[in-house]
Amino acid sequence: MSHAATFATRLLQWFEQSGRHDLPWQHPRTPYRVWLSEIMLQQTQVRVVVPYFERFVAALPDVRALAGAPLDEVLALWSGLGYYARARHLHAAAKQCVERHGGELPRDFDALLALPGIGRSTAGAILSQAWGERAAILDGNVKRVLCRVHAVAGWPGAPAVEKRLWALAGAHLDGVPDGRMADYTQAQMDFGATLCARHDPACALCPLQDTCLALREGRVQELPTPRPGRPLPERRALALLLRDGDGRVLLQRRPPTGIWAALWSLPEHPDHAAARAWFERHVRGDFDAAAVLEPVAHAFTHYRLDLQPLAWQGVDLLPAVRDRADLRWVAAPELGTLGIPAPVRTLLAPRPGHAR
DNA sequence: AAATCGGGGAC
DNA sequence: GTCCCAGATTT
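Residues 162 to 517, numbered by this note's numbering, are exactly what the first sequence covers, in order.
Note that these hints are calculated values from the structure, not bench results.
Incorrect hints may have been included.
[Said to hold, decoys possible] Here are the simulated distance ranges between beta carbons:
{"no.": "1", "residue 1": "205", "residue 2": "167", "range": "29 to 39 Å"}
{"no.": "2", "residue 1": "493", "residue 2": "441", "range": "25 to 35 Å"}
{"no.": "3", "residue 1": "391", "residue 2": "220", "range": "35 to 45 Å"}
{"no.": "4", "residue 1": "339", "residue 2": "507", "range": "43 to 53 Å"}
What you are looking at is a predicted structure, and each value in this text was computed from that prediction instead of being measured.
Even glycine gets a Cβ: it sits at the ideal position worked out from N, Cα and C.
Throw the hints in and build the complete structure from the sequences for me.
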């Protein structure tokens, strides 16, 4: 048996001194906390996640608490974090854990993969970090590191490139010493997030200097290959900000699919004709008395949204629609108990923006 | 294979 | 302004 330094042992040695050892989900490192952190960290930076994680585990400290909570509470705890399907899937997965796995997360790759919101990489991250199982991950950090170390060209999100990266990630598992899988997984992510960063990686301090092909070939700056650019379409919509005599705001639950699914938001319509038609069927008041507020620009990954708020005060719902489950008057203190899109929450904040 | 799904950090 | 982040799911 050779004792030559491997990809894994080099990263592990670097990890001892330079890794992150004080992240909140590491103390204590339970399966539930690892799972929750991995879901929150999908496409979301560590710095953003930390306060959400702390608040979430304080309110819902284990699988059974999560499974027993109303979806609105889960969405409220997720409000502002984005990609709300993660919260809905997390909630559904917790219920499945109670029904099928005795209220615990299953210690099995296929069983984890079968839970909503857990894909191949997240399953590997949970198995390795929660139980020390020998499983690979392939997140943005690992993709970047592997693309450089092995000089893999092509956008890492392309299926063919991703397949090659999974093979490389799997091959490196053989070099992980027994009992070190949790640290190895953490080491890869810390290494990619801090030393082998997207901009200006610290190659002079890198433990992989003598094996990194990108460094040898002078291609560190160009790898990994950026995602192909696409034009962003722009969509416009009207947001109806209705307040009753008590200053409560009318919120509407969004449909179960699409953007901001199942969140509470302002009634939204593509144009004035649609807005007026909805208003006249639902509201006792004068549509033309609306105040025109400052537009809100919001950028998604795949399009831009320009929201034009129209505001009324002292209106009421028509009797025929007062008992609709998807419409409710909400007082300011209740806003924190509901999942509300970030730009809408901003719009409803104490400084509501001035009419123009 | 491509599109969908948020919000913000860092440049 | 840009790109992308501890990706998964749907089409």
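Against the structure, the hints come out as follows:
Checked against the given bound of 29 to 39 Å, the beta carbons of residue 205 and residue 167, roughly 31 Å apart, stay inside it. Judged by the Cβ atoms, the range 25 to 35 Å given for residue 493 and residue 441 holds: they are separated by roughly 28 Å. Distance hint check for residue 391 and residue 220: the Cβ-Cβ separation is about 38 Å, which falls inside the suggested range of 35 to 45 Å. Our hint of 43 to 53 Å for residue 339 and residue 507 holds, since their Cβ atoms are close to 50 Å apart.
When each numbered hint is compared with the structure, no violation occurs for any of them.
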